[in-house]
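Protein chains in written order, with my numbering: chain A, 25 to 187; chain B, 456 to 1237.
Please keep in mind that the hints were generated in silico from the structure rather than gathered at the bench. Take the hints with a grain of salt, since some may be wrong.
[What the hints assert, rightly or not] Quick list of in silico lysine to aspartate or glutamate cross-link-like pairs, EDC-like style, CA-CA up to 16 Å:
| id | chain 1 | residue 1 | chain 2 | residue 2 |
| --- | --- | --- | --- | --- |
| 1 | B | Lys889 | B | Glu1170 |
| 2 | B | Lys1106 | B | Asp1172 |
| 3 | B | Lys560 | B | Glu591 |
| 4 | B | Lys1141 | B | Glu1219 |
| 5 | B | Lys1103 | A | Asp152 |
| 6 | B | Lys472 | A | Glu104 |
| 7 | B | Lys1103 | A | Glu156 |
| 8 | B | Lys466 | A | Asp122 |
| 9 | B | Lys472 | A | Glu112 |
| 10 | B | Lys466 | B | Asp971 |
[To be verified] Residues of chain B placed beyond 12 Å of chain A at every Cβ, according to the derived structure:
| id | residue |
| --- | --- |
| 11 | Lys506 |
| 12 | Arg698 |
| 13 | Ser1073 |
| 14 | Gln1213 |
Beta carbons: idealized from backbone N, C-alpha and C, even for Gly.
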Amino acid sequence: MALDRHDVELSVNGVSYRRGAESRTLLSDFLRHDLLLAGTHVGCEHGVCGACTVLLDGAPVRSCLMFAVQANGHELSTVEGLATPAGELHPVQQAMHDHHGLQCGYCTPGILMTMTAFLKENTQPSEDEVREALSGNLCRCTGYQNIVDAMLAAAQAMRAARP
Amino acid sequence: MKTRFFGAPVKRNEDRKLLTGQGLFIDDVELPGMLHVAFLRSQVAHARIKKIDASRALKRPGVVAVYTADDLGAYWQPGPLLVPPPPIAGIVFNARTQVPLAREKVRHVGEPLAVIVAESRYIAEDALDDIDVDLEILPAVVDIEKGLDAVAPRVHDDLGSNVAAHVRQTKGDYRNAAATADLILKRRFRYEHGISSPIETRGVVAQWNARGSQMTIWDTTQAPVFVRNGLAAMLGLGEQQVRVIAPFVGGGFGPKIMMFYPEEVALPWISMQLNRPVKWIEDRLEHFFATTHERGQIHDAEIAVARDGRILGIKDVFLHDTGAYDPYGLTVPINSQCTLFGPYVVPAYDSTFTAVFTNLPIVTPYRGAGRQHGVFVMERLLDLAAHELKIDPAEIRRRNLIPSGAFPYKNEIIFQDFQPLEYDSGNYEPVLDKALEAIGYADFLKHEQPELRAQGRHVGIGVACYVEGTGIGPYEGAKVQVQANGKVNVATGIGTQGQGHFTSFAQIVADQLGVDVTEVDIVTGDTDRFYWGAGTFASRGAVVAGNAVNEASRVVRQKALKLAGDLFECSEDDLVLEGGKVSIVGIPEKFIRLGELAQRANPMRGAVKPGTEPGLESTQYFGPPSGATANGVHAMIVELDPQTFDLKILKYVVVHDCGTVINPMILAGQIHGGVAQGIGNAFYEKLSFDDQGQLLNASLADYLLPTALEVPRMELDHTTTPSPLNPLGIKGAGEAGAIPVGPLFAQAIEDALDLKHQKVELLEIPLSPSRLFELTRSARVP
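Just chain A, same shape as in the assembly (with noise of 0.2 Å):
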């Protein structure tokens, strides 16, 4: 075992981190239990409830089904990332707390990342490209309806921001 360890060397929300994993340490196990970085739920392992979804470059990925030394060299973003260091909710987190898009919480954070990535790619998305681009993150409290509502006033806040 103690041959099969390698250097990971990647940067999470601007952060550097060097680590030592096992070949077979999974993405969402490094960013939870090595990087003590939490806030990436882990929901099945097997990469359909959407929970561990982080963005890796820029694009969502499972982390429960990627290896850690996959992600070697890259930049990821998760969670802890989205509000602004002086605690200012990012838009998508800030229409989730308006429109009640969330009750236990656990999947939001695999929502806000797919979420965000989405918003960035489709700024002007209709309720079914929402549904559609959320229907990949499973969530057993919310029904989605106040989550879609979330993410259309997100959408349009962004919108607004813009200069």
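Once you've looked at the hints, dock chain B against the given chain A.
Relative to chain A, chain B alone:
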């Protein structure tokens, strides 16, 4: 008291933590020196254990310990019977509760055989393969009807059969009712509920502090106080030596209140053995077997009706699958038996059920907790009767509603809280009216449906009614304390899993004490912060704990006004409590802040009057005499593709009455989520077992939870009939959304596909495209 927050859609206090990744969930607990646990689970449903040899596992580097049932010694004991059988004459109940680790026999797939403790979870799981298990595989009991055959294998060898319970309850005289009926219809109904599948699975972390003789347990439980009491007794510790913390819990829905799960028993003991903290987090595969299910019942039910559609009586005989053990007693089948009445006048009722042990995971309540099964039977019987009598389905329901003047309405039989079933209050007809109006019932039938049908589209409508017994006892408590900084701290013993307690309870306090909602911090689920309580179940958190919070806040308010009155040398009637301070009416500049009053209530020197309690705080308890009955109506328009049976919900309406509403935003969220789970239950989620008791679809890729594409936008409306059973007038709302969705689907799909004319009746849930294909095939083939 001036209401500012109670009843308003106040945004949630807990959101910021959860939105920024700062909420503490069980797997976020990291402790120095922590070891990790994996369970070796049975891969077969029924077997005799001949040998378990863990010696190879112990040799694997990183493995610290391996335990089997024999290693537990006297600590090994079956779990407690959580809910004893209610006092019903002639009841048969065989209690067989689950064990920490299987000994002699395994009784369902996933039952733990051994536990491995290692330096990492990866190593612990590697070592599972090192354990040699020799089993003599036995035939499994999977089908509840076959399980009652005299020749069926026995789940529990010491019982003469697989009968777990047999209960008959009656109201009036069904035989007489049937003799006078114009029509009697009898059918067989099958209703299966699935798994709760919260996105966070279960987990336990235990830390024994040998120096302090203190045990701390983090547990994803809905009932931390019960877990503390039970584990303290098992571990030979006093309750004060054990602290149970239910941190943020990622969804519960019922199964997280079961106790004790084998893992809850094993981890604290292991931590004491090794004197190190230990952690176990359930993985998703384990969740499908190791967390309780709700599953199925088979009802042979008949309805006796008069020509005008009035119900004269119902007779029901049903079988209930209780799984391999029955620690939760009869809560689920009793709920089915009692909730079948619905909002209707049923003069005669004769209901008998037999609960059957099977070699399947344990059955305990999951959101709805058996209510769905009963509601399905009643609603379908009414649909069948309406069809035979040529009465509109909505009209036959209206004719049978309990009139508003008839409350409290006695249904006589014993409910899950051991009290005779009595509806406290209700006004049912306006709820039905509003639902029909909102869905556009008359217009749909008269214009919309014929027009769409003429275009070749298959659209149908459904309307289903239900009641929900909520807010049962025994009691909850709350401690409200004003701190020196003016913030109010509230502790209560229930756990919280997303219901918004941090906000709804804060609203109650804020109004009583004249502070902002954000100035109130709520602590739930930490037994060191509040000692007494029962838990979050049966839609009771807001009702029972909410009223305790209100009572304690009221006392603190009185204390604050009395203190300020003494200080200002004026009558309490001349004081006003708002904006975090007490002032004299009309002289706003003459005030004292609540925090300062709290300090004055804890003087450092001098004498106080005899009997004075220090501080601005109060602990109060509330226990309702019996449960409060909420009610509602769901209505839906669906469209089906007659080739693929793909289903699209065009419109969904919920009208609901849960008494006084604390926070309509949070309430709407509870309804939305309940309906989503109901839709999953009705059309997407089915636990598929083979005849050996193997679950064939134990992954989220195969067991289909509804996504944002399956759950439609819902229109919600409310009526308010306060409960007379608690000062706030609240009724519970947590489960209502999930309860009537099954019969709604069956009714609307039958209508959309015009199945009545094909002589096809939908008498089962879950349905699915492939099941609809099967059920209609015989009608299609000439």
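Comparing the hints with the structure gives:
no. : hint                  : in the structure
1   : B:Lys889 x B:Glu1170  : 11 Å, holds
2   : B:Lys1106 x B:Asp1172 : 14 Å, holds
3   : B:Lys560 x B:Glu591   : 9 Å, holds
4   : B:Lys1141 x B:Glu1219 : 12 Å, holds
5   : B:Lys1103 x A:Asp152  : 13 Å, holds
6   : B:Lys472 x A:Glu104   : 10 Å, holds
7   : B:Lys1103 x A:Glu156  : 15 Å, holds
8   : B:Lys466 x A:Asp122   : 7 Å, holds
9   : B:Lys472 x A:Glu112   : 13 Å, holds
10  : B:Lys466 x B:Asp971   : 12 Å, holds
11  : Lys506                : 29 Å, holds
12  : Arg698                : 21 Å, holds
13  : Ser1073               : 30 Å, holds
14  : Gln1213               : 33 Å, holds
Going down the numbered hints, you'll see the structure goes against none, and every one checks out.
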